[in-house]
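For the protein sequence lines, the chains are A and B, in the order given.
With the first letter of the first sequence counted as 1, position 227 gets the number 227 in the numbering used here; the numbers rise by one all the way through.
Plus 1000 on top of the position in the second sequence (first one is 1) and you've got the numbering used here.
Incorrect hints may appear among the rest.
[As the list claims (entries may be wrong)] Computed, partial: chain B to chain A, Cβ under 10 Å:
1) D1065
2) D1135
3) G1139
4) T1194
5) L1198
6) I1206
7) P1233
8) D1238
9) V1241
10) I1299
[Unchecked claim] Dumping the calculated EDC-like pairs for lysine to aspartate or glutamate here, alpha-carbon to alpha-carbon at most 20 Å:
11) K283/A <-> E1064/B
12) K1239/B <-> D230/A
13) K234/A <-> D1238/B
14) K234/A <-> D201/A
15) K276/A <-> E1213/B
16) K297/A <-> E1064/B
17) K283/A <-> D1370/B
18) K1279/B <-> D201/A
19) K294/A <-> E1293/B
20) K247/A <-> D1238/B
21) K294/A <-> E1213/B
22) K194/A <-> D1238/B
23) K290/A <-> E1064/B
24) K289/A <-> E1063/B
25) K234/A <-> D1195/B
26) K234/A <-> E198/A
27) K1073/B <-> E1052/B
28) K1179/B <-> E1155/B
29) K283/A <-> E260/A
30) K1127/B <-> D277/A
[As the list claims (entries may be wrong)] Distance ranges between label pairs, derived from CB positions:
31) Q209/A <-> A1032/B: 22 to 30 Å
32) P1360/B <-> D277/A: 35 to 43 Å
33) F1252/B <-> Q164/A: 55 to 63 Å
34) D1059/B <-> I292/A: 26 to 34 Å
35) L295/A <-> D1335/B: 47 to 55 Å
For the record, the hints were derived by calculation from the structure and aren't laboratory data.
Note that beta-carbon positions come from the ideal geometry of N, C-alpha and C, so glycine has one too.
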Amino acid sequence: MTQEKQDKKESQDLFISSGMKAAGDFWQAAAKMWPLPFAAFPVPGGTSGEKGQKIHEDLWKPLQELWESTFSFMRKAQAREGQDDEKKGVFPPFMTDPFQTPWDGFMLLQKQWSETLDKTGRQRGGEDMGQTFQHVNRTVIEMYGEEFRKLLNIPQLGLTRFYQERANLTVEKFSKFQSAINEFLVVLLKPTGKAFQEMQDEVRRLSEQGEDILQDTKKYYQLWMKKMEDQYLKLLRSPEYTESLGKTLAALKDYRVAREQWMMDLLQDVPVPTNKDMDVLYKELYELKKKIRKLEKKGERP
Amino acid sequence: MKMDKKRNPEDLLNPMKMAWDLILAKMAVDSAQALKRMRKAKDVLLGPLNTEIAPTPYDIVYEEDRVKLKHYKPVTDIKYKTPLLVTYAMVNRETMLDLQHGRSVVQRFLDAGIDLYMIDWWYPTRKDRYLTIDDHVNGYMENIVNFVLDRTGNESLNLMGICMGGTFSIMYAALYPEKIKNLVLTVTPSNFDTDQGLLNVWARSIDADAMVEAYGNIPGDILNLAFLLMNPPRLMIDKYVGFLENVHDRDFVENFVRMERWIFDSPDLPGETFRQFIKELYHQNLLIQNKMELDGKRIDLKKITMPVLNIYARYDHLVPPEACEFLTKKIGSKDKEDVCLDTGHIGIYVSSKTQKEFAPKIISWLKERDGAVEGKTSKAPVKKQKKGTGKTLPKAKI
Chain A
1 MTQEKQDKKE
11 SQDLFISSGM
21 KAAGDFWQAA
31 AKMWPLPFAA
41 FPVPGGTSGE
51 KGQKIHEDLW
61 KPLQELWEST
71 FSFMRKAQAR
81 EGQDDEKKGV
91 FPPFMTDPFQ
101 TPWDGFMLLQ
111 KQWSETLDKT
121 GRQRGGEDMG
131 QTFQHVNRTV
141 IEMYGEEFRK
151 LLNIPQLGLT
161 RFYQERANLT
171 VEKFSKFQSA
181 INEFLVVLLK
191 PTGKAFQEMQ
201 DEVRRLSEQG
211 EDILQDTKKY
221 YQLWMKKMED
231 QYLKLLRSPE
241 YTESLGKTLA
251 ALKDYRVARE
261 QWMMDLLQDV
271 PVPTNKDMDV
281 LYKELYELKK
291 KIRKLEKKGE
301 RP
Chain B
1001 MKMDKKRNPE
1011 DLLNPMKMAW
1021 DLILAKMAVD
1031 SAQALKRMRK
1041 AKDVLLGPLN
1051 TEIAPTPYDI
1061 VYEEDRVKLK
1071 HYKPVTDIKY
1081 KTPLLVTYAM
1091 VNRETMLDLQ
1101 HGRSVVQRFL
1111 DAGIDLYMID
1121 WWYPTRKDRY
1131 LTIDDHVNGY
1141 MENIVNFVLD
1151 RTGNESLNLM
1161 GICMGGTFSI
1171 MYAALYPEKI
1181 KNLVLTVTPS
1191 NFDTDQGLLN
1201 VWARSIDADA
1211 MVEAYGNIPG
1221 DILNLAFLLM
1231 NPPRLMIDKY
1241 VGFLENVHDR
1251 DFVENFVRME
1261 RWIFDSPDLP
1271 GETFRQFIKE
1281 LYHQNLLIQN
1291 KMELDGKRID
1301 LKKITMPVLN
1311 IYARYDHLVP
1321 PEACEFLTKK
1331 IGSKDKEDVC
1341 LDTGHIGIYV
1351 SSKTQKEFAP
1361 KIISWLKERD
1371 GAVEGKTSKA
1381 PVKKQKKGTG
1391 KTLPKAKI
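Let the hints inform the model, and build the full structure from the sequences given.
Below is the structure:
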C-alpha cells in the first residue's frame, strides 16, 4: 500500500468512526431527554408523570437499547473490516457488497447502450433531422425491447406475485405506448421538414427571378402555410400515417387496460368501487331497463 | 422590389420564428398604430365579452335518462301544420344551430313560423356505455317522436337530421315511415365506402373493440383531437395567428370565442354506439346496402317513401359529397332532391353566405310540402299543453 493510499484509508476510517460515535451520542442523549415530556404530562387518575415514565420504560427503552446495540455492532464491524481491507472506500464492505452486483450489472447495461448508440450514430451520417429523430427513437425502442422488457418480465414469486406482475405490466405497456406515440409524432412532424425544404426551393426560385417575398412576411407565411397544408394532406392519407395511428391507438389501449387492472389492485383496500364493479352494475341496470321497456310496450298494445 | 441583402432566407425557415415574425412584423409596421392596437386588444380581452351561445329561449318538454327534448318558444304565428324535429349528432352539441343572433338556423326557422323541437343528447356518462344505436333510434327517438305527435295532435312530423343525427334519422324513417311526413338530411353520411373523407380512411385502421375496452365511452377530447389532425396547419396554427391579428376587434374576438366554446364542447360518445357505428357503418357499410339491422329488424331504405331533401357540402372533409349523394338513388321516395352547397361541414350552418341559402331552402321546401295552418294561432299547436318552463315535465317511466 502506498503512503497516499494509507493516509486516505486512515482519514476515511477516522471519518466513519467519529461520525458513528457522534451519531450514537446524539441519539443516546436525545433518547434520555424523551421521558421528560411524558413525565411533565399530567395523566388523569395517576400522579403527575407516573404514567409518562411507564410509557418511556415500556416503549422507548427497548427502542433505545436496540439503537445502541445496532450502532455498537456497526462500530465493531467497521473496526474489524477496516484493519485488512485495502479496497474499501468511504463505506465499509459489509455495506457496499450487497450493492456491488446490481451496480456491476447496471454498468454493463450502460456500456451496452453506449455501444449501441455509438454504432447507431456512426451509421446515421448524412441524414436529415427527421430521419435522425426516427432512428434515435427506434434505437431507444430497440434498447428497451432488448434490456428493460426482460427485467420487467422476470417471473414474480410468492404471495404478491400477481400484484407485482400487474404493476410491471403497467410500466411495460406505458413504455410501449411512449415508444408508439414518439414514432407517431415523428411521422406527424415529417411534413414540416418537407414543407421547409419546398419553401427553401421556392424562395430560392423567387429570389432568382428577382421577386422578394421576404419583404412581405404575410406572403411568406401564407406560402409556408400552403406548403404545410399540401404536405399534410399527402401524409394524412398515406398508409404510413394510418398504420402508425393504428399502432399508437393499440398501444394506448394496452396501457389503459393494464393501468386499470393495477388501479383495481390499489382500490381493493379502500372503499371505492372500481370501474369494473360499476360496469357490472351498469350492465345489469341497462338490461333491466331494456326488459322493462319491452314489457311496457307489450302491455300498451291493444 | 429587390431582395434585402442583409436578410438570410435560411434564417426564416423556422415555424415558430416565422409565426412570431409575422405577428411582430405586423405590429411593428407603425409603432403608433401597433400601440393603439395593443391598447385596444387589452381593453377587449380584459373588458366584458359577450360569448354566450344558444341564446334563443326554449323549454325542456321531455326528458328520458340523459336525453332532453327542447321546444323553442315561437316568436311569431305558427305557419306550418307539421312540427319539425331536429336530431343533431352525438359528437359536439346542437348549440351550433343557434350560435348567436344573426347566425342562427334556429332563429330563421322560428321567424318562418315553424314549430321547432330539437333533441339534445346531452353528456353520456359511464352508465351510458352500453347504449347502442338501437337504443337511440328505437328507444329515445321513437319515444320523443311519439311524445311530439301526442303533444301536437299530429299523425306525423317533419324530421331533420344533422350529420350522425341524420344517419339515425335515415334509420328511423326507414323503420317508422308512417310517422315521418318529410325528411330533411344535412351533411348526413349514408355511404361510408369512400376515400374522399379522411375519417373514412382513418376509420379502417381503428380497432373499435380495443377503444371501447380501453375507454368505456369514447372521450370527446379524443374525437376532437382527430378533427384537429385533419388539417393541423390550419386548425392548430393559422387559426390562432388569425386570432392574434384581430385580437383588437371585439366582434371578431367574441365570434371566435363562441366558436371555440362550441368546438371544444364535446360530449363523450357511448362506447357501444361508437363500436356499432365504426364496425357496421365505417367498416362494413351496411346501411346503404340495406343490410343493417336494429333490434333484429332490417333497415330497408326502399321503405323511405316520404319526400326527402338531402343537403351536403362540396368542401366537407368530414362527410364528403360521396358519402351523402348515393342515398337518394337507394330510397323509395319519388319526391327527392339533392342540394350541394359550396361550403364545408360547419360552414353550411354558420357562414354568412350559406345563412342566405341553407335555412331558406329548407323553409321553402317544407312549405311546399306542408301547407299552411288554417287561421292564425299565436302559440304552437299543442293538444296537451304542459304548463311551466320545462321544470315540470314528463319523463319516461324508466
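Consistency of the hints with the structure:
Residue-level restraint check for D1065/B holds (minimum Cβ-Cβ distance to chain A is 8 Å; threshold 10 Å). This hint holds: D1135/B has a C-beta 8 Å from the nearest C-beta of chain A, less than the 10 Å allowed. For G1139/B, the interface hint holds, the least distance from its beta-carbon to any beta-carbon of chain A being 7 Å, beneath 10 Å. For T1194/B, the shortest C-beta to C-beta distance to chain A is roughly 12 Å, which exceeds 10 Å, and the interface hint is violated.
Satisfaction of the interface hint for L1198/B is found here, the shortest Cβ-Cβ separation to chain A being roughly 6 Å, below the 10 Å cut-off. For the restraint placing I1206/B at the interface with chain A, the shortest Cβ-Cβ distance is roughly 7 Å, inside the 10 Å limit, so the hint holds. For the restraint placing P1233/B at the interface with chain A, the shortest Cβ-Cβ distance is roughly 4 Å, inside the 10 Å limit, so the hint holds. A distance limit of 10 Å between C-beta atoms decides the matter here; for D1238/B the minimum to chain A is near 6 Å, and the interface restraint holds.
About 7 Å separates the beta-carbon of V1241/B from the nearest beta-carbon of chain A, less than 10 Å, and the hint is met. A hinted interface residue such as I1299/B counts as satisfied when its beta carbon comes closer than 10 Å to some beta carbon of chain A; here the least separation is about 19 Å, so the hint is violated. The hinted pair formed by K283/A and E1064/B meets the criterion: a straight-line CA distance of about 18 Å does not exceed 20 Å. The suggested pairing of K1239/B with D230/A holds, with an alpha-carbon distance near 17 Å, which does not exceed 20 Å.
Our distance criterion of 20 Å between C-alpha atoms is met by K234/A and D1238/B, whose separation comes to about 19 Å. The straight-line distance between the Cα atoms of K234/A and D201/A is roughly 19 Å, inside the 20 Å bound, and the hint therefore holds. Proposed proximity of K276/A and E1213/B is supported: the alpha carbons are some 11 Å apart, at most 20 Å. A distance of roughly 16 Å separates the Cα atoms of K297/A and E1064/B; the hinted pair therefore holds under the 20 Å criterion.
Taken as a hint, the K283/A and D1370/B pair is broken in the structure, with Cα atoms around 43 Å apart against an allowance of 20 Å. Using a Cα cut-off of 20 Å, the hinted pair K1279/B and D201/A is violated, with the two alpha carbons roughly 45 Å apart. As the CA atoms of K294/A and E1293/B are separated by approximately 18 Å, the hinted pair is consistent with the 20 Å bound. For the suggested pair K247/A and D1238/B, the alpha carbons sit about 29 Å apart, so the restraint of at most 20 Å is broken.
Pair hint K294/A plus E1213/B does not hold up; C-alpha atoms about 28 Å apart against a cutoff of 20 Å. Pair hint K194/A plus D1238/B holds up; C-alpha atoms about 18 Å apart against a cutoff of 20 Å. At roughly 13 Å between alpha-carbon atoms, K290/A and E1064/B fall within 20 Å of each other, so this suggested pair holds. Proposed proximity of K289/A and E1063/B is supported: the alpha carbons are some 16 Å apart, at most 20 Å.
Simply put, K234/A and D1195/B have alpha-carbon atoms about 13 Å apart, close enough for the 20 Å limit, and the pair holds. Taking the CA atoms of K234/A and E198/A, the gap is about 14 Å. The hint holds against a cut of 20 Å. A C-alpha spacing of about 18 Å is found between K1073/B and E1052/B, which places the hinted pair at or below 20 Å, so the restraint holds. Among the hinted pairs, K1179/B with E1155/B is consistent with the structure: their alpha-carbon atoms are about 7 Å apart, no more than 20 Å.
Only pairs whose Cα atoms come within 20 Å are accepted, and K283/A paired with E260/A is accepted, the gap being roughly 18 Å. Restraint check: the Cα-Cα separation between K1127/B and D277/A comes to about 12 Å, which is no more than 20 Å; the hinted pair holds. The given range of 22 to 30 Å is broken by Q209/A and A1032/B, whose C-beta atoms sit roughly 35 Å from each other. Our hint of 35 to 43 Å for P1360/B and D277/A is violated, since their Cβ atoms are close to 54 Å apart.
F1252/B and Q164/A have their C-beta atoms about 57 Å apart, which keeps the hinted 55 to 63 Å range intact. Checked against the given bound of 26 to 34 Å, the beta carbons of D1059/B and I292/A, roughly 28 Å apart, stay inside it. For the pair L295/A and D1335/B, the supplied restraint of 47 to 55 Å is violated, since their beta-carbon distance comes to about 39 Å.
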